[in-house]
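What follows is each chain in one-letter form.
There are 2 protein chains.
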Amino acid sequence: MTDLTSNMLAESEIELKRQISRLDEANTEPFKEMLSYHMGWTGEGAGREATGKRIRPLLLLLTIASCGGDWMKAVPAAAAVELIHNFSLVHDDIQDNSLKRRGRPTVWVNWGAPLAINVGDALFALSNLSMMDLANSFPSEQVISASTALQRTCLDLTRGQYLDMSFENREDVKVDDYWAMVTGKTASLLSSSCLIGAILGNADNPTQEAYRSFGHFLGLAFQIQDDILGIWGDENVTGKSTASDLIERKKSLPVLVGLSKKGKFAEIWKNEQITIANVEEIARILAQESSYAYAHDAAKQMTDLAINSLREADPQGEAGDSLMELTDKLLRRDA
Amino acid sequence: MTDLTSNMLAESEIELKRQISRLDEANTEPFKEMLSYHMGWTGEGAGREATGKRIRPLLLLLTIASCGGDWMKAVPAAAAVELIHNFSLVHDDIQDNSLKRRGRPTVWVNWGAPLAINVGDALFALSNLSMMDLANSFPSEQVISASTALQRTCLDLTRGQYLDMSFENREDVKVDDYWAMVTGKTASLLSSSCLIGAILGNADNPTQEAYRSFGHFLGLAFQIQDDILGIWGDENVTGKSTASDLIERKKSLPVLVGLSKKGKFAEIWKNEQITIANVEEIARILAQESSYAYAHDAAKQMTDLAINSLREADPQGEAGDSLMELTDKLLRRDA
Numbered sequence: 001m002t003d004l005t006s007n008m009l010a011e012s013e014i015e016l017k018r019q020i021s022r023l024d025e026a027n028t029e030p031f032k033e034m035l036s037y038h039m040g041w042t043g044e045g046a047g048r049e050a051t052g053k054r055i056r057p058l059l060l061l062l063t064i065a066s067c068g069g070d071w072m073k074a075v076p077a078a079a080a081v082e083l084i085h086n087f088s089l090v091h092d093d094i095q096d097n098s099l100k101r102r103g104r105p106t107v108w109v110n111w112g113a114p115l116a117i118n119v120g121d122a123l124f125a126l127s128n129l130s131m132m133d134l135a136n137s138f139p140s141e142q143v144i145s146a147s148t149a150l151q152r153t154c155l156d157l158t159r160g161q162y163l164d165m166s167f168e169n170r171e172d173v174k175v176d177d178y179w180a181m182v183t184g185k186t187a188s189l190l191s192s193s194c195l196i197g198a199i200l201g202n203a204d205n206p207t208q209e210a211y212r213s214f215g216h217f218l219g220l221a222f223q224i225q226d227d228i229l230g231i232w233g234d235e236n237v238t239g240k241s242t243a244s245d246l247i248e249r250k251k252s253l254p255v256l257v258g259l260s261k262k263g264k265f266a267e268i269w270k271n272e273q274i275t276i277a278n279v280e281e282i283a284r285i286l287a288q289e290s291s292y293a294y295a296h297d298a299a300k301q302m303t304d305l306a307i308n309s310l311r312e313a314d315p316q317g318e319a320g321d322s323l324m325e326l327t328d329k330l331l332r333r334d335a
Numbered sequence: 001m002t003d004l005t006s007n008m009l010a011e012s013e014i015e016l017k018r019q020i021s022r023l024d025e026a027n028t029e030p031f032k033e034m035l036s037y038h039m040g041w042t043g044e045g046a047g048r049e050a051t052g053k054r055i056r057p058l059l060l061l062l063t064i065a066s067c068g069g070d071w072m073k074a075v076p077a078a079a080a081v082e083l084i085h086n087f088s089l090v091h092d093d094i095q096d097n098s099l100k101r102r103g104r105p106t107v108w109v110n111w112g113a114p115l116a117i118n119v120g121d122a123l124f125a126l127s128n129l130s131m132m133d134l135a136n137s138f139p140s141e142q143v144i145s146a147s148t149a150l151q152r153t154c155l156d157l158t159r160g161q162y163l164d165m166s167f168e169n170r171e172d173v174k175v176d177d178y179w180a181m182v183t184g185k186t187a188s189l190l191s192s193s194c195l196i197g198a199i200l201g202n203a204d205n206p207t208q209e210a211y212r213s214f215g216h217f218l219g220l221a222f223q224i225q226d227d228i229l230g231i232w233g234d235e236n237v238t239g240k241s242t243a244s245d246l247i248e249r250k251k252s253l254p255v256l257v258g259l260s261k262k263g264k265f266a267e268i269w270k271n272e273q274i275t276i277a278n279v280e281e282i283a284r285i286l287a288q289e290s291s292y293a294y295a296h297d298a299a300k301q302m303t304d305l306a307i308n309s310l311r312e313a314d315p316q317g318e319a320g321d322s323l324m325e326l327t328d329k330l331l332r333r334d335a
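So the sequence lines, in the order shown, correspond to chains A and B.
Take the first sequence: its position 312, counted from the start at 1, is 312 in this note's numbering, and no numbers get skipped.
Take the second sequence: its position 89, counted from the start at 1, is 89 in this note's numbering, and no numbers get skipped.
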C-alpha cells in the first residue's frame, strides 16, 4: 500500500467515526456501540480483519484525486459510500439469516433482528448526513448531483436484494436475471463510488461516464470471481468453507449456467441434497459441464471492460497509478 | 376539508405514485406491489382507510403556502416526508411484531420479514430521491438545507426507536426518558415537515424556528393524546381495542407516571399479568393515582405551546387558516 492510499484509508476511518459520533448522547450510547461493533472498531475480534477492506471509499478518493481534485475535501463522501455498504450488510445478514460477518457474530445475532434493523437504518441516515456535509466544501449543485447518484444506487441495492431473495423460490432463473441482480447488489455501489469521485473531481461528462463504467464492470468482475471462489475456491483465500455456495443452494452464475445445460448437474440440483459429503463431486460435475470455463470467461470479459473503461478515464498522477494497482489487485485475487 | 387541502392531498398522492413508479421495471413489479400495498393503493381493503391521513405532507404544503410560497413546487418534499413516515412504519411493524396496520395485515405478515425490511429500505431511498427532485424547482442551497433537516430527523427516528425498544427490558424508565423517546419517534418528523415547508417558503430564521417548534409540540401533544386513548380511549375513536396499551405493557406516559407513584398501580404492574379480564379495573386504578390528570395536563400544555408557536409563525392567507383548523382538529380528537 502506498502512503497515499494509507492516508486515504486513515482519513476515511476518522470521518466514519466522526459521523457515527452523532449518536454520542448518553442515552443512545449502547445503540452507538452496536454501530461501532459492526464497523469493526469495538468488541471481540475488533481490528483490521473486522473492518473490511474499505474498497468503496478508496475507489471514490482515488478517483477524485485521479481527476486532479482535492481528495481531502471528498472524505465525507467516502464515509457515505462505506456507510451505505455497511447499512446493506447489516440488513442483508438479517435477511439471509447469516451468523457471521468478517469472522464475527452478526449484529442481529448479538442484539436481535429488531435492533439490527434499526442499526442499518441509522447507518443509512448517517450516510445521507455525510453527503450533506459535502456542502461545506463543494458547490451545492455538485453535492446534489453526487447525492442523487448515491440515492439511485440505494434504490438499485433494494432492487438487487429483491431479485436475490426472489431467486430462492424460483426455478426459472436465467443468466440474464443474474446480471440484473448483481448489477443492483454489487456493481451499483462500486459504480457510484467512482462516479461520485469523478463528479466531485470536476471531470467532464465523458470522463464521469468512463469512471462510472469502470466501477460497474469492476463490480461485475469481482462478483463473478466471488461466485467462482464460492464453488471451486480455496478456503485459505476466501475465509469461507469451500463450495459452501452449492450447499446453500445459492443461484450464482456457475449454477445458473449449469442449470441451463439441463445435464447431470441440473438433474442433481433438482433431486438431491447437496452436503459436505457430495459437494466436491458435484462441483466437479458442474465444472465438466463447462460452467467453470463460462464463468471464468465472463470474469475475464468484465475485467477487460473494466480496464478499458479505466484507461478511457485516463486517471492521472500517483492516484491514477494507485487506482490501476488496486484494480489489478482486486481482479487477480485468485491468480 | 377545503378545496386547498383537497388539492394538496391529491397532488401529494400523484407525486407519491410517481416516485414509487421508479420500480416499474418488469422484474421488480412484485416488489413495487409490496410498496403500493403498504401505501394503501392496492390489495384487499385498499382506499382512504388504508392510506392513512397524510398529515405530514399536508403540514409541509400548508406551511410553505402560509409563508407565501408556491406549494405546487414543494410537492416532491411532501412525498418525501410521507415516504419517510411509511419507511419507519414498515420497519416498526417488523420490530414490534405488529400484525395489523390501518386495519390490514402488515407487509411482513404478507411477505415475510426479509422482504419487508427491503420494502422499508426502498421507501427510504425513494424519499431521498424525491428530495433531490426539488432541485428542479428550488435553488440548490435550499434543497440541501431542507434535505439536511429531513436526514437529521431520520437519525432522530432511529434514536427514538432505539429508546422505545430499550424501554421494554428496562424497569427504571423515567418520564424524562419518555420525552426523549417521543421527541425522536413522533415529534421529529412532524417538526421537520413544518421546518422544510418554511425553508422552501423562504421564511426568515425566526419564522422557520417558530414553524419547527409548532410541529415539535404538535407531535408531543398528539402522542400524549394517543397514549391517553390507548388506555382510557374509545375503541370507536381509535380503531384499536381499548386499553390494549396496558395489556401490551407499553411504557407510555400515563404508565411511567403511574410507576413513579410507587402505589397500587406500580405494585400490580410488577406482579400481575394484565389481561382483558382485569384491564378496565387497572386502568381505573391508574387514573385514581392521578396519571390521567397528569397526562391530560401535559397534553394541554403541549397543545398550548404548539398553538403559541403557530401564532408566532403567523401563517398567512387561506393556507394559514387551514393550518389553524388542521391543528384544532388534530388536537381535539378526543373532545
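Wrong hints could be hidden among the right ones.
Unchecked claim - Calculated pairs, DSS-like style, for lysine-lysine (alpha carbon to alpha carbon, straight line, at most 30 Å):
| hint | chain 1 | residue 1 | chain 2 | residue 2 |
| --- | --- | --- | --- | --- |
| 1 | B | 300 | B | 250 |
| 2 | B | 17 | B | 329 |
| 3 | B | 251 | A | 32 |
| 4 | B | 17 | B | 73 |
| 5 | B | 53 | B | 270 |
| 6 | A | 100 | A | 73 |
| 7 | A | 250 | B | 270 |
| 8 | A | 32 | B | 250 |
| 9 | A | 250 | A | 262 |
| 10 | B | 261 | B | 250 |
| 11 | B | 174 | B | 32 |
| 12 | B | 174 | A | 32 |
| 13 | B | 270 | B | 329 |
| 14 | A | 251 | B | 53 |
| 15 | A | 174 | B | 250 |
| 16 | A | 251 | A | 264 |
| 17 | A | 100 | A | 32 |
| 18 | B | 73 | B | 100 |
Said to hold, decoys possible - Not everything, but these chain B residues come out facing chain A in the computed CB check (under 8 Å):
| hint | residue |
| --- | --- |
| 19 | 94 |
| 20 | 128 |
| 21 | 161 |
| 22 | 285 |
| 23 | 288 |
No lab work stands behind these hints: they were computed from the structure.
Beta carbons are placed, not taken as given, at the ideal position from N, Cα and C, and that holds for glycine.
Compare the structure with the hints numbered earlier in the document and write down the numbers of the violated ones, lowest to highest.
The structure breaks hints 5, 6, 7, 11, 13, 14, 15, 18, 22 and 23; every other hint is satisfied.
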